[in-house]
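Enquirer: Chain residues, written in single-letter form:
There are 2 protein chains.
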Amino acid sequence: MSLQISNNTKQMPASAIRKLVPFADAAKEQGVKVYHLNVGAPDIKSPQCAIDEVVRRCASMHHLSYTNSAGLMKLRKGLVEKYYKKIGIDIEVPELLVEVAGSEAFASAMQIAADRGDEIIVIEPYYTNYQTFAFLNGITLKAVPTSIDNDFRIPDISEFEKLVTDKTKAVLISNPCNPSGKLFSKEEMLAIGDFCRRHDLFLISDEVYREFCYTEEPHFSAMNIPGCEQNVILVDSVSKRYNLCGARIGCIVSHNKDVMAAALKFAQSRLCPPVFGQYSAIGALDTPQSYFDDVREEYIRRRDCAVKMLNSIPGVRASMPYGAFYTIAELPVDDAEDFVKWMLTDFRVDSQTTMVTPAASFYKTPGVGKRQVRIAYVLEVPELEKALDILAKGLSAYCSR
Amino acid sequence: MSLQISNNTKQMPASAIRKLVPFADAAKEQGVKVYHLNVGAPDIKSPQCAIDEVVRRCASMHHLSYTNSAGLMKLRKGLVEKYYKKIGIDIEVPELLVEVAGSEAFASAMQIAADRGDEIIVIEPYYTNYQTFAFLNGITLKAVPTSIDNDFRIPDISEFEKLVTDKTKAVLISNPCNPSGKLFSKEEMLAIGDFCRRHDLFLISDEVYREFCYTEEPHFSAMNIPGCEQNVILVDSVSKRYNLCGARIGCIVSHNKDVMAAALKFAQSRLCPPVFGQYSAIGALDTPQSYFDDVREEYIRRRDCAVKMLNSIPGVRASMPYGAFYTIAELPVDDAEDFVKWMLTDFRVDSQTTMVTPAASFYKTPGVGKRQVRIAYVLEVPELEKALDILAKGLSAYCSR
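Sequence lines, in order, name chains R and B.
Following our numbering from start to finish, the first sequence increments by one per residue and tops out at 401.
Following our numbering from start to finish, the second sequence increments by one per residue and tops out at 1401.
Simulated from the structure, these hints should not be mistaken for lab results.
Just so we're clear, the structure is a prediction, and the values are computed from it rather than from any experiment.
Where a beta carbon is used, it is the ideal one built from N, C-alpha and C, also for glycine.
Among the hints, a few may not be true.
For each label pair, taking beta carbons as the anchor points, the in silico distance ranges come out as [said to hold, decoys possible]:
1) 138(R) <-> 1366(B): 20 to 30 Å
2) 385(R) <-> 1293(B): 36 to 46 Å
3) 290(R) <-> 1293(B): 48 to 58 Å
4) 1350(B) <-> 290(R): 46 to 56 Å
5) 1352(B) <-> 296(R): 51 to 61 Å
6) 290(R) <-> 1140(B): 48 to 58 Å
7) 215(R) <-> 1345(B): 52 to 62 Å
8) 116(R) <-> 1092(B): 51 to 61 Å
9) 349(R) <-> 1293(B): 50 to 60 Å
10) 4(R) <-> 1085(B): 48 to 58 Å
11) 60(R) <-> 1332(B): 55 to 65 Å
12) 397(R) <-> 1165(B): 56 to 66 Å
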């Protein structure tokens, strides 16, 4: 025998979103400016009250000890009373546990819902790390397909029914959806809830983009599906809501006591969530509504700009998103990953280039999405225009090589 | 079928250290003061430079974005150049990756070393969360026993040899050891390194208590075992070193490129380590040596106080630790967990009580350690004296019920 890392880690898929980062880093080392439309890392200012709370706590800090594994009581109570109550989600403190961002919340939720060999139904395209955590836990994702050809419309529940086996344990959705930007209507949520109830499935609802909805109808949370109280596991995060991606604070919410007891065991194994981040999340609870209104308006401007510019590029079509801050665009190329990489290694306009994310890894069905990219419209309009102009020029140059 | 959480999470062991916390919380709600000797959460001041750096970053903060999954370059470089170089561990930046505290580091290390069904050799008693992560990943821990009867002396390497099968993939040690407080000598480390090399095993070395050594000999890191460069995976943390337990910043270090590539894949799946915490860790790099010297002296005083007082209680024996800030004590009771719980629910001296940790879960061998507790000597001597005095009185009352 020789010294070898485990087969499981050898076979673990690398993050499709992050694996091209070294090429971007190399470009930057050459002095190239890279416009990042590849990661959902917005440039919007964090609420000042969030940062101020960290400073205030630091001023009187003796030492930074562990908190309860479930998070600081002040944060848990604050989320229940100041945030969820305001948006019409009625929960008690024991039904909420602070997590190390949405990432830990959905990793735990998936393991709580399903054993090795079990299956979870997702809607494709989906957030790529769902696949990573499914792989690590031996869970198979079964995909309900949606397509750019019909604007990623969510199919009839009969498409979900077709996938049910005796191994199916949960449905996992992100709403608004990363990467397609689709938004589930109340009717769609009720139908999915009914489906989960009939088949005794958990409904893991990743709502980290809840504040980014661009329709007149309010966001309808899975937590408000009548009769689904025991089925729903809510995954949430402060990352996008308050532009505090680096705080690494999220939460898991459920009325189901067994779910919360299991979540606590996971939480105890990592001792406690990041405490400076918990302070920032406590401060963020006082963010005024005007902050969200302004951010929403800003994203509508960015979305409109992005979708219009993308669709004006010959051979490109992009769908109109109604939530989150992503759109999927189909490009006139055979292999979008090769194009994205080429933009980083070979193409510059005035020492600038643009980075987007190849979309194939958001799909379970082989081959689908190979010509697509995900565009995060996370830059201010003037910057976004520059970035997309470079993308258009790059595409033209790439296709006429 | 009915809606059920997964069998794996049902069977997952609850944290032995944290499962009695609700009884402590209940006592506090009654107005009882609880002396916490149960968790390794020291009361020593964090270095001011660590807190100052967070405040400094906050002052100019626009928004808190993700960092590279491997951590901020300034932190990685700083750890390599300002910390590890100073203590004689010679590494390059790509050989270090920032983790969400030691917890994530050893969870990743275990999965990198071993697949489901594989085995890892540990020395018993061991840190209880090793068992949790082994359980979650289907890894079997095989224990080399050490005993309070001979002061937890590390046995001859022949005891390790007896446990080797074709499933053995790693040896996992904590040095200094939580919970026994034992310290591996250079000779012992060389013997374990030789053993790992001969059998092509990884050596996962959890050295989070490195700064807490109470012998004249310097700590000998696994990173400095000649010829073991490809085998060693170092697990480290700022939690104990700088009394920044809540920062949730640690690192994984290895010369083995496959190990680091796998660690990066895990890191990418959770996007990035907590950023405020990374700032505090950058600030902490400027902690003067006098801080460590003072802390060390303080812990020697606490240790001497704790061991002396414990051994003066009739029927109690405690071993002398040479590292970390724990000692294991054997009590004149049949079931230490029952006693610990009783202290929280029934026993008070002037509305005060003391909490320690039942030690059975630190052992793999059934029944061993059932009469033992782990005592974390993490309070100042006057407080420690009060806490242990209450423990002594409680023990006397418990035994004469």
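Enquirer: Going through the earlier hints one by one, which of them does the structure break, listed in rising order?
Expert: 2, 8, 10 and 11
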